[in-house]
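K.L.:
Work out the full structure, taking the sequences as your base and the hints as a guide.
Numbering-wise (UniProt numbering), the sequence shown opens with residue 1 and increments by one.
Keeping only pairs whose Cα atoms sit at most 35 Å apart, straight-line, the calculated DSBU-like set for lysine-lysine is: (1) LYS23 with LYS3; (2) LYS45 with LYS23; (3) LYS342 with LYS312; (4) LYS480 with LYS335; (5) LYS106 with LYS30; (6) LYS312 with LYS335; (7) LYS342 with LYS320; (8) LYS320 with LYS439; (9) LYS320 with LYS335; (10) LYS320 with LYS23; (11) LYS439 with LYS335; (12) LYS320 with LYS106; (13) LYS3 with LYS45; (14) LYS189 with LYS312; (15) LYS480 with LYS439; (16) LYS110 with LYS439; (17) LYS3 with LYS106; (18) LYS23 with LYS106; (19) LYS439 with LYS347; (20) LYS342 with LYS480; (21) LYS106 with LYS189; (22) LYS110 with LYS3; (23) LYS23 with LYS312; (24) LYS23 with LYS110; (25) LYS320 with LYS110; (26) LYS110 with LYS189; (27) LYS347 with LYS480; (28) LYS480 with LYS320; (29) LYS45 with LYS106; (30) LYS30 with LYS45; (31) LYS312 with LYS439; (32) LYS439 with LYS106; (33) LYS320 with LYS347; (34) LYS347 with LYS312; (35) LYS480 with LYS312; (36) LYS335 with LYS347.
No lab work stands behind these hints, which were simulated from the structure alone.
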Amino acid sequence: MGKPDLASDQAALLTLRSAVGGKTTRWNLKNQSDPCTWQGVICEKRRVTVLRLPADELIGVIPEGIFGNLTKLRTLSLRVNALTGQLPSDLGQCTELRNLYLQDNKFSGKIPAFLFEMQNLVRLNLAGNHFSGEISSEFNNLTRLGTLFLENNQLTGEIPVLNLTSLVQFNVSFNRLNGSIPSTLRSMKSASFVGNLLCGGPLGLCPGESNNITTGDGNGNGNGKCSRKTRAVDVTSVKHPSEVEKPLGDIDGNERNLNSGYQLSAIPVATQPAVKPDINNAGNRKLLFFGNASRFFDLEDLLRASAEVLGKGTFGTAYKAVLEVGTVVAVKRLKDVTIPEKEFREKIEIVGSMDHESLVPLRAYYYSSDEKLLVYDYMENGSLSALLHGNRGAGRTPLNWQTRSSIALGAARGIEYLHSRGSTVSHGNIKSSNVLLTKSNDARVSDFGLAQLVGPTSTPNRVAGYRAPEVTDVRKVSQKADVYSFGVLLLELLTDDRSL
Numbered sequence: 001m002g003k004p005d006l007a008s009d010q011a012a013l014l015t016l017r018s019a020v021g022g023k024t025t026r027w028n029l030k031n032q033s034d035p036c037t038w039q040g041v042i043c044e045k046r047r048v049t050v051l052r053l054p055a056d057e058l059i060g061v062i063p064e065g066i067f068g069n070l071t072k073l074r075t076l077s078l079r080v081n082a083l084t085g086q087l088p089s090d091l092g093q094c095t096e097l098r099n100l101y102l103q104d105n106k107f108s109g110k111i112p113a114f115l116f117e118m119q120n121l122v123r124l125n126l127a128g129n130h131f132s133g134e135i136s137s138e139f140n141n142l143t144r145l146g147t148l149f150l151e152n153n154q155l156t157g158e159i160p161v162l163n164l165t166s167l168v169q170f171n172v173s174f175n176r177l178n179g180s181i182p183s184t185l186r187s188m189k190s191a192s193f194v195g196n197l198l199c200g201g202p203l204g205l206c207p208g209e210s211n212n213i214t215t216g217d218g219n220g221n222g223n224g225k226c227s228r229k230t231r232a233v234d235v236t237s238v239k240h241p242s243e244v245e246k247p248l249g250d251i252d253g254n255e256r257n258l259n260s261g262y263q264l265s266a267i268p269v270a271t272q273p274a275v276k277p278d279i280n281n282a283g284n285r286k287l288l289f290f291g292n293a294s295r296f297f298d299l300e301d302l303l304r305a306s307a308e309v310l311g312k313g314t315f316g317t318a319y320k321a322v323l324e325v326g327t328v329v330a331v332k333r334l335k336d337v338t339i340p341e342k343e344f345r346e347k348i349e350i351v352g353s354m355d356h357e358s359l360v361p362l363r364a365y366y367y368s369s370d371e372k373l374l375v376y377d378y379m380e381n382g383s384l385s386a387l388l389h390g391n392r393g394a395g396r397t398p399l400n401w402q403t404r405s406s407i408a409l410g411a412a413r414g415i416e417y418l419h420s421r422g423s424t425v426s427h428g429n430i431k432s433s434n435v436l437l438t439k440s441n442d443a444r445v446s447d448f449g450l451a452q453l454v455g456p457t458s459t460p461n462r463v464a465g466y467r468a469p470e471v472t473d474v475r476k477v478s479q480k481a482d483v484y485s486f487g488v489l490l491l492e493l494l495t496d497d498r499s500l
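P.N.:
Have a look at this one:
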């Protein structure tokens with residue numbers, strides 16, 4: 001067999017096309033076309049380095065003999081298809097692979113041992129398949145691994161001790177795991193472990209543990225065991241969307257220039273206290289971030305994400321963006337921002353410094369002359385407005401008074417925090433669509449500080465029903481006006497009547 005080259009890459013891709021079909025059948029095969037021009041294929045130095053075929057209607061088993069030729073692959077994405085069987089063993093020959101996205105297929109069998117030899121892997125997503133067997137301690141070989149998603153499979157046994165210092169994203173929820181969560185993973189959120197028979201760390205103490213002693217031997221070997229009666233969480237599978245929206249970067253074809261030639265920074269998503277962004281590098285057109293959280297996706301990832309419009313508001317359009325790695329964020333594309341760049345950055349720095357449990361934190365922003373993007377945590381239950389007014393049908397379940405009062409209190413705390421930052425600090429656009437809700441219906445105030453980003457020639461309209469009588473210019477708001485708007489919000493919560 002000759003040395004792999006672009007011709008062998010092309011032959012491998014054609015074999016894959018014949019085996020799993022889908023939208024790969026639309027590749028242009030006329031006149032010996034260059035495979036680097038095929039949709040989903042990216043090349044460098046006349047070799048295929050990226051293959052992205054997400055939601056391409058691929059179906060069936062991937063045969064052996066394909067990936068052994070695609071030895072320069074750095075990113076492989078086959079997520080959200082109907083691929084079955086075991087992973088082909090020659091995938092292990094792709095030793096330069098950094099990003100492997102296979103989530104939401106029907107792959108089965110044990111997690112193959114060859115994966116543990118792919119030491120360049122940074123992101124590995126095997127979620128939403130039918131993988132079985134135990135989680136191997138050999139994952140410790142992948143010292144560069146920052147993301148490991150194994151949720152919604154059929155994995156059994158205990159979670160091994162994982163001493164992966166780069167690991168910032170981890171999820172094994174909804175499997176058939178049991179035992180104690182190793183101490184090295186106990187800083188992860190509880191959502192990473194639910195749907196199993198696990199205990200310890202974020203899920204609560206195991207039998208025999210107490211708050212005043214340290215379990216384990218210091219190397220992550222927890223000594224607590226969970227009985228089946230201790231944490232009886234039903235193991236269920238989570239359904240995944242059958243539709244994938246178009247990438248955020250493709251929403252407006254005129255704005256794809258965002259993706260060209262920029263040196264990219266990354267966004268932290270984990271909750272951390274906000275700090276001053278590195279605006280000294282603003283000239284590089286980076287995605288600038290707040291906080292000290294780990295960085296695991298960049299502007300290119302954001303623009304390539306599948307996107308769903310959440311709504312169009314006073315200051316722009318909001319999107320739900322699902323990144324290839326599985327992270328979900330909310331992105332607001334600002335409109336009518338005409339203030340100078342320096343002033344914008346100064347004001348957005350203030351917004352990014354706001355850190356309170358009742359606020360939706362600003363995680364990152366992007367600024368260019370024709371595009372401004374803000375990146376926030378995604379709130380699963382949407383807005384209070386949608387909850388109150390979105391479903392008027394007979395099957396609607398009304399909010400109980402306890403939930404209403406809890407939402408009101410959460411919103412009040414968020415506004416109170418804003419006002420505590422100084423007598424000139426106010427929200428400026430309080431309304432039910434700017435009160436977002438977590439999965440447990442905890443209120444988070446959003447869009448704070450954005451009124452000050454609007455230039456004098458492009459003052460947006462606000463919903464008149466929330467506006468204090470003395471407010472004629474949204475850039476000249478006050479704390480008193482916020483209190484007025486909050487009072488209208490309370491009436492809306494009490495009566496279910498929409499403010500006009």
